[in-house]
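K.L.:
These are the residues of each chain, in order.
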Amino acid sequence: MKLVLAWLFVALPLAWGVMQSVKKSLPLFGMQAAAVAPAK
Amino acid sequence: MSFLSRDATIAKPGFNRWLVPPAAIAVHMCIGQVYGFSVFKKPLARALGITAPGAGDWSEADVGVAYSIALALLGISAAVFGKWVERSGPRKTMLASWLCFCGGLLITALAVKVHSIWLLYAGYGLIGGIGLGLGYISPVSTLMKWFPDRPGMATGMAIMGFGGGALIGAPLAEELMKRFSSATSVGASEALLVMAALYTVSMIVGALTVRVPADDWKPDGYVPKATKASPVQVSVDQAWKTPQFWFLWVVLCLNVTAGIGILGQASPMIQDMFKVTPAAAAGYVGLLSIANLSGRFLWSSVSDFTGRKGAYCLYFILGAILYCLVPWTQSTGRLTLFVVVTGAIITMYGGGFATIPAYLKDMFGTYQVGAIHGRLITSWSLAAIVGPQLVDRISAANKAAGLPPGEAYNFTLQLMAGLLIIGLIANLLVKPVHPKHHLKLYADSNA
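Chains A and B are the protein sequences, given in the same order.
Residues in the first sequence are numbered consecutively from 5, following the numbering used here.
Residues in the second sequence are numbered consecutively from 90, following the numbering used here.
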C-alpha cells in the first residue's frame, strides 16, 4: 500500500504535466488543416 | 540532528528498495522547475506595466539572467558540495536542497513584489541554484547504491523526474499566474508562493521517505560482475585527475550542447522551416519535452544491456546522422518526419543526461560517485549557458547574411552533428581507470 501511494504521489503530477504538453501539441497534429500559417 | 544523519537513514532489513525511486523523483520533479522558468519571462518583463512593459520594467533578457545564474550555480554547488553530500547522506542533503530551492522561490516572490532585480538574481539564481545542485546529485547517487543490478534504469527514473519538472512547473505557473493576475499584478509573486508551498510538500515527503542501504546489502540473487577482485572504487580527488573523468566531461558537454541545438531554438526553427503557427510551434516544443522525458528513462535503461560506452556510441552516431537528415526534411517539406527525427534526437539528449551517473559508477565505483557526478555536471552548466548563445548567434548571423529563414539553421545543425562526432571520439577514448587511482583500503578511506 505504501509503495502504491508513493508511486501515485509522483506519477499523478507527472501525468498531469504530460497531459498538458499533449494538449498543447494538438495544434501541431491538426496543423495540415488549421495551424499552418499562410505561406508568405 | 541525528534524525538527519546518514546513519539514521540506513534501511532496516525488509525495506522495499522500490520506495526510493519515488522519493528521488519527488525531489527531482520540483527542482526540474528550472527548465520551465521561461514562462515567467514575459510576465516579469511587464510586472510594472501589467498589460505591456512599462517604464522601469525589466527586460526579458534581464529576467533570463536569473536562469543562467541558477544553472551555473547548479554545477558549481554540485561540484563544491559533492563530498559533503556523500558524507551527510540523502536526507540532510534533500532538506538542504529544499531550504535553498523553496527559500529561493520565496525570495523571488519578494523580489517581484519590491521589484528588485538583484534580489531576483540572489533568490532564484544564487540560493535557488545551490538548491538545484544539492537536490540533483544526492538522489542519483542513492539510487545507484540501491540498484547495483540496474544502475542505468534507476538513475534514469530520477533524472526523468527532473525532465518532468518542466512539464509540471511551466503549466502550473501559467495556471497560477492566470488565476492571480489582476489589474495591479501579473500574479507572478503569488504563483511563486503557491509553487514554493507545493514543492515543499513534495520535497519533504521525498526527504522523509529516502533511505540508504546498509553497507553489506545486496539485492536478492545479485552477483557483482567483478568476483575475483573487489569492485573498483576511486575517490573524487583521484577521479578528478584521471583522463576518464575529462573524457566523460567532454562527452556530457557535447551531448548537452548538441541537444540544445534543437531545444534552444525549437519554436522559431519549426516556424521558419515549415511556416507553422506559433500555437503549433508551442505544441512542437511540448512534444520535444515529452521526448526528453521519455528518453531519460528509456535510453538509460537500455544502457544496462548495451553497456554505457555502447549507449553513448549509439547516441553520438545516430544523433549525428539524424542531425544531417533535418535539413533534408525541410527541403522536401516532410513535417512529420522532421518532428520524428528531432524528437529522436532529443530522446538521446535526455538519455545522455540519465546515463552519465551509471557511466561514472562503472568507471569510479559508488564510493564517492555523487561527488564525482557533481564535478562532472559543471560541463552541463557550461553547455546550458554557452550552447543556446552559440546557436542563437549563428542562426541570427545566417539570417542577417540573407539566407532564407528555412535554411538559416542548416549550418547550426551540421555543426551539432560535428560536435557529436567529437563526442564519439571522446567516448571511444574512455578506458578503465588505471589501478594507481584505485582506493587501496576502501573502509579506511572514508574520512
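Honestly, the hints are just simulated from the structure, not real lab data.
Hints are not guaranteed to be accurate.
[To be verified] Below, computed lysine-lysine pairings styled on BS3-like, alpha-carbon distance capped at 30 Å:
#1 Lys172/B x Lys488/B
#2 Lys307/B x Lys130/B
#3 Lys202/B x Lys398/B
#4 Lys307/B x Lys6/A
#5 Lys307/B x Lys172/B
#6 Lys234/B x Lys6/A
#7 Lys307/B x Lys101/B
#8 Lys131/B x Lys234/B
#9 Lys330/B x Lys529/B
#10 Lys307/B x Lys234/B
#11 Lys6/A x Lys398/B
#12 Lys130/B x Lys27/A
#13 Lys27/A x Lys525/B
#14 Lys488/B x Lys131/B
#15 Lys525/B x Lys234/B
#16 Lys131/B x Lys27/A
#17 Lys101/B x Lys202/B
#18 Lys27/A x Lys307/B
#19 Lys234/B x Lys172/B
#20 Lys131/B x Lys330/B
#21 Lys307/B x Lys520/B
[What the hints assert, rightly or not] So these bits of chain B aren't anywhere near chain A, every CB distance computed over 12 Å:
#22 Gly145
#23 Glu279
#24 Gly507
None of these values were measured; they are calculated from a predicted model.
Where a beta carbon is used, it is the ideal one built from N, C-alpha and C, also for glycine.
K.L.:
May I ask which of the numbered hints given earlier this structure violates, with the numbers listed in increasing order?
P.N.:
1, 2, 3, 8, 11, 13, 17, 18, 20
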